[in-house]
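A.B. asks: Keeping their order, the protein sequence lines are chains A and B. First residue of the first sequence? That's 1 in the numbering used here, and the numbers climb one at a time after it. First residue of the second sequence? That's 1 in the numbering used here, and the numbers climb one at a time after it.
Each hint should be verified, as a subset may be incorrect.
Taking lysine to aspartate or glutamate and the DMTMM-like style, the derived pairs with C-alpha atoms no more than 20 Å apart in a straight line are [said to hold, decoys possible]:
1) A/K122 <-> B/E479
2) B/K40 <-> B/E75
3) A/K86 <-> B/D484
Just so you know, the hints here were simulated from the structure itself, not pulled from any lab data.
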Amino acid sequence: METVRIKINGREYDVPKDATILEACRSVGINIPTLCYMKEINAIGSCRICVVEVKGAKSFVTACVYPVNEGMEVVTNSPAIQKARKMTLELILSNHKRECLTCVRSGNCELQKLAVDLGVDKVRFDSSTGDRYPIEDSTGIIIRDNNKCILCRRCVAVCRSHQDVAVIGPNERGFDTHIACAFEKDLADVPCVSCGQCIVACPTGALHEKDETDLVWEALNDPTKHVVVGVAPSIRVHMGEFFGLPIGTNVEKKLPAALRRLGFDGVFDVDTAADLTIMEEGTELLERLKNGGKLPLITSCSPGWIKFAEYYYPELIPNISSCKSPQAMFGSVMKTYYAEKYGYDPADIFVVGIMPCTAKKFEVRRDDQKVNGLPAVDVSLTSREFARLIERAGLCFNDLPDEEFDPAFGVASGAGHIFGATGGVMEAALRTVAEIVTGKPCEPVEFHEVRGREGIKEATYDLGGTQVNVAVASGLANARKLLDQVKSGEKQYHFIEIMACPGGCVGGGGQPIQPASVTNFTDVRAIRAAGLYKEDSEMQLRKSHENPVIKELYDQYFEKPGSHRAHDILHTTYQAREKYR
Amino acid sequence: MIRSHILVCGGTGCTSSGSHEVIAELNKEIEAVGLDKEVKVVMTGCFGLCALGPIMIVYPEGAFYSKVKPEDVKEIVEEHLLKGRIVKRLLYQETVEGDDVKSLAETNFYAKQIRVALRNCGVINPENIDEYIGTDGYMALEKVLTTMQPQEVIDVIKASGLRGRGGAGFPTGMKWQFAANAVGDQKYVCCNADEGDPGAFMDRSVLEGDPHAVIEAMTIAAYAIGASKGFVYVRAEYPIAVSRLKIAIEQAKEYGLLGEHIMGTDFSFDLEIRLGAGAFVCGEETALMTSIEGHRGEPRPRPPFPANKGLFAKPTILNNVETYANVAQIILKGPEWFRSMGTEKSPGTKVFALGGKITNTGLVEIPMGTTLREIVEEIGGGCPNGKKFKAAQTGGPSGGCIPASLIDTPIDYESLIQIGSMMGSGGLIVMDEDNCMVDIAKFFLEFTVDESCGKCAPCRIGTRRIYEILDKITRGEGEMEDLDTLEELCNHVKANSLCGLGQTAPNPVLSTLRYFRDEYVAHIVDKRCPAGVCKKLLSYEIDPEKCIGCTLCAKNCPVGAITGELKKPHSIDKSVCIKCGVCETKCKFGAISKK
Chain A
1 METVRIKING REYDVPKDAT ILEACRSVGI NIPTLCYMKE INAIGSCRIC VVEVKGAKSF
61 VTACVYPVNE GMEVVTNSPA IQKARKMTLE LILSNHKREC LTCVRSGNCE LQKLAVDLGV
121 DKVRFDSSTG DRYPIEDSTG IIIRDNNKCI LCRRCVAVCR SHQDVAVIGP NERGFDTHIA
181 CAFEKDLADV PCVSCGQCIV ACPTGALHEK DETDLVWEAL NDPTKHVVVG VAPSIRVHMG
241 EFFGLPIGTN VEKKLPAALR RLGFDGVFDV DTAADLTIME EGTELLERLK NGGKLPLITS
301 CSPGWIKFAE YYYPELIPNI SSCKSPQAMF GSVMKTYYAE KYGYDPADIF VVGIMPCTAK
361 KFEVRRDDQK VNGLPAVDVS LTSREFARLI ERAGLCFNDL PDEEFDPAFG VASGAGHIFG
421 ATGGVMEAAL RTVAEIVTGK PCEPVEFHEV RGREGIKEAT YDLGGTQVNV AVASGLANAR
481 KLLDQVKSGE KQYHFIEIMA CPGGCVGGGG QPIQPASVTN FTDVRAIRAA GLYKEDSEMQ
541 LRKSHENPVI KELYDQYFEK PGSHRAHDIL HTTYQAREKY R
Chain B
1 MIRSHILVCG GTGCTSSGSH EVIAELNKEI EAVGLDKEVK VVMTGCFGLC ALGPIMIVYP
61 EGAFYSKVKP EDVKEIVEEH LLKGRIVKRL LYQETVEGDD VKSLAETNFY AKQIRVALRN
121 CGVINPENID EYIGTDGYMA LEKVLTTMQP QEVIDVIKAS GLRGRGGAGF PTGMKWQFAA
181 NAVGDQKYVC CNADEGDPGA FMDRSVLEGD PHAVIEAMTI AAYAIGASKG FVYVRAEYPI
241 AVSRLKIAIE QAKEYGLLGE HIMGTDFSFD LEIRLGAGAF VCGEETALMT SIEGHRGEPR
301 PRPPFPANKG LFAKPTILNN VETYANVAQI ILKGPEWFRS MGTEKSPGTK VFALGGKITN
361 TGLVEIPMGT TLREIVEEIG GGCPNGKKFK AAQTGGPSGG CIPASLIDTP IDYESLIQIG
421 SMMGSGGLIV MDEDNCMVDI AKFFLEFTVD ESCGKCAPCR IGTRRIYEIL DKITRGEGEM
481 EDLDTLEELC NHVKANSLCG LGQTAPNPVL STLRYFRDEY VAHIVDKRCP AGVCKKLLSY
541 EIDPEKCIGC TLCAKNCPVG AITGELKKPH SIDKSVCIKC GVCETKCKFG AISKK
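Let the hints inform the model, and build the full structure from the sequences given.
C.D. replies: Structure representation (structure tokens):
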């Protein structure tokens, strides 16, 4: 790595040549506070919190965008700089609805932490302007309170750069600037896919998902309800972060313990449904390959992606797998097979999904996800809401005993676990499909080409003499890039995995929120994904079709993958959507 | 054979006072008396003396008629054109000396002016390229394309010392050099015609009066830096400028002076107009480029600088209209000629738009280094109605107030910065004793609060908080601590804002605090507005000694605050009075005064 020698606070350091001052300082252990900066997608120098002094510069410069050069002398913490940061923050706070005690982000707010760190102990300016905007809750999923918005534009950047959805941006100007949809339309009336990346990007409480924990409390306390819960693959590497454990810690065995103590009657693993998805989707792929069906086949696990396709690629709807998502399959099995087997009235079963996702909240409301007229899943909670349930119930999460999911629907293969990372569904499907096609054990079981943090990955595999081209995209901007190449004929694939969120579910809109001071310098998604791959690698059961629960499910109920009954219960349809209303 | 030319101003000022009607009437009357083969009416750009519009000048006599109405035209035609008798009553009175008529150039308004950027304004028909060519137009381009290397062009501009006339005064030659040195498959030349300072209209006048000067200079700049494409970013509120620019671009293309293979050489340059929607911040270079790119007009952090990564991330130069208007003449007459005007560090001339409390409002072009006194007292004719000069604001809302005590300051880049103001684009607003300086500062801040783009926190929130404190003071609710907060806040916004808008927005406050602190203190401590402007601190009173009870004031009071019996002294109910001042203006006996 080429370096340059610069002076930081009077000491000399060798720092990477292409670094910004922010990166250079961080590389030698000096943190400069930031608010608006998001690595790669929001380097706009707008919040002015990261100002530093550079010898010879006319005024303060913003460390997040200013490149280093040989011989540069930087001061990051002079009294003038500290005063400047403090005053800027005081100004920002003067236009922020400071209801910290009752704010959803209290304790995990970058603004709050900064106020403490910079020593802002009073706000001298008129703060009556901090309550000017109505709360935008038209979607019932993503809630925006512009009174808490500090206009860092991180939400705008993720919506545009990561997702290429770009339904929000700054409206008006100057002091009246606020983030909203074009022409002040409701979020529900524009092609927002509810991916929730904006929430994860927000440093304050200006964006959050609609809290539905009360619905779950009610059900748990309703003696007529049989309340079952399923936990998504990535949740096991998410939840530890809420309770002070290192990022990526796998707490799978604490989850059943917590859920039982919350009062759930059935405590299940959606990874089992992920295995079921592989059976159905793998069969669909094989059928299409054999019978000249519509190719490429595109995965359907990610509801943000499904909605995106319905808005922007309706012509590709026939390519999308008709399989319901693992969450919906889980709920559908609960209200059919499980209800029959254990003697419950499906109407009395209340299904809760715990998901790294906000788009799942949209999915559960879709009519096309219903099973026998009932919603497959009644409430879908994010990891954050789940953490709130645990806190509210007074559970000492880290001290809970290790427990297992209920065996009725609680055994999963490693293939099911890796669903939570980009490329995981693809790899899981390949493990099963390869074995079916070749009739021989799939060895090795790992498909490294489709793993990793790249936004688009492609590979070609020989499956019993057939060359199968596959591609994996995560983040909708990458999906768009890939699909445009498919549409233009530039690329030909047989099977494509698409996840709406960058990095897949480990980077989902319902994940624990890490501050930018962490995400700018740590690949949080990769660390979480590593936790899933590690679990998979340590397992004996690594292929979906070997899962005994799945085998029993087909033996006793669905007969075989792709059966008539499976289609009735586990498959669905999609619809083209008008972008603007 | 044409024996007489009548030049009528077709600039925005005279157009709005009816010059087109005057032209139509002139043509009609001239034809009626059969002089249409001998007298030619030419619509030109701005003369500068906008306060006197519609303006016309009749050559060869050089008779300068002002405030001409269509109904005056018949008299001018019959008396002046037919009988050779100048119509004295319509002359600009400064040009009348006894029975003689002085040349316009001898009047106070024009005597000290040297017109370089404005040389063709008011002289040629801007919609006819032949007239531009007739005044040496496109000769500089020819010289550059046929006899000079690009670097030589840059060297000439550098040697001239020409500095950006848009406000910051960055050396133009250096800017060109950076862009010439930058590596890029495509480079751009842009013109900033987004003149946003309230009251400034020199760029508009150049585009309206001499659009080819800008086109020629941009083509020269393109040759110098190796650009093949250019944009003029002009605000949509300048319809006349836009239309003349469009005509000029078309004509230049027709003549082979723009487009492919200019003048038969290998050099090609294409020029397009982009309309701005009127945001002040779009005059900032990176915001302007962002706007041309089709995005919300907001500034970007620098580096990268536009010379390396500007429009569409390609090497770009951006100069303003007035800067370009100097270029062709520097090429033709040489850098020494340019340096012979102005000061050593600020060579050349500068156009100023005189406005506010000054007799001769309008446009003047003077050598740099001319003192404020010369501009205000000699050229501008001082404050009207014998009022005392109090201060002048240069640089528009980004500049500062220069107090009367500094009236002998030479106007150049350095001197203005030193006293806490700036050149800006050349707006010069004069204030007299009736102006309250706190109110003036508030006025400018109101503008910047409104025009802040909202991207960076210090400007977006800081300017608003500054405004709120000023408003509090003008309402008589200020406290002395507010002055410290105000100063701290102003310095903070200056030092921490992302772009020039925020970095200069506090200047009007800081300069008035510096030179007129006593006025702030009077508002805060004495709860009094010394100039009698801030309504909350005023009260109107009727002097019972002078009031004869005519009832006129009571009849005209819009809120019924004045009561009294006929022929008996009236009185004002202060709890009802809205301090509109109508009573004072209506009273014929001087009985009502504000305190």
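A.B. asks: Now tell me, hint by hint, if it's right for this structure.
C.D. replies: These are the hints, each one checked on the structure:
Proximity of A/K122 to B/E479 is assessed by CA-CA distance (about 19 Å); at most 20 Å being required, the pair is judged to hold. The hinted pair formed by B/K40 and B/E75 meets the criterion: a straight-line CA distance of about 17 Å does not exceed 20 Å. At most 20 Å may separate the alpha-carbon atoms for a hinted pair to count; A/K86 and B/D484 meet this at roughly 17 Å.
No hint from the list above goes unmet by this structure.
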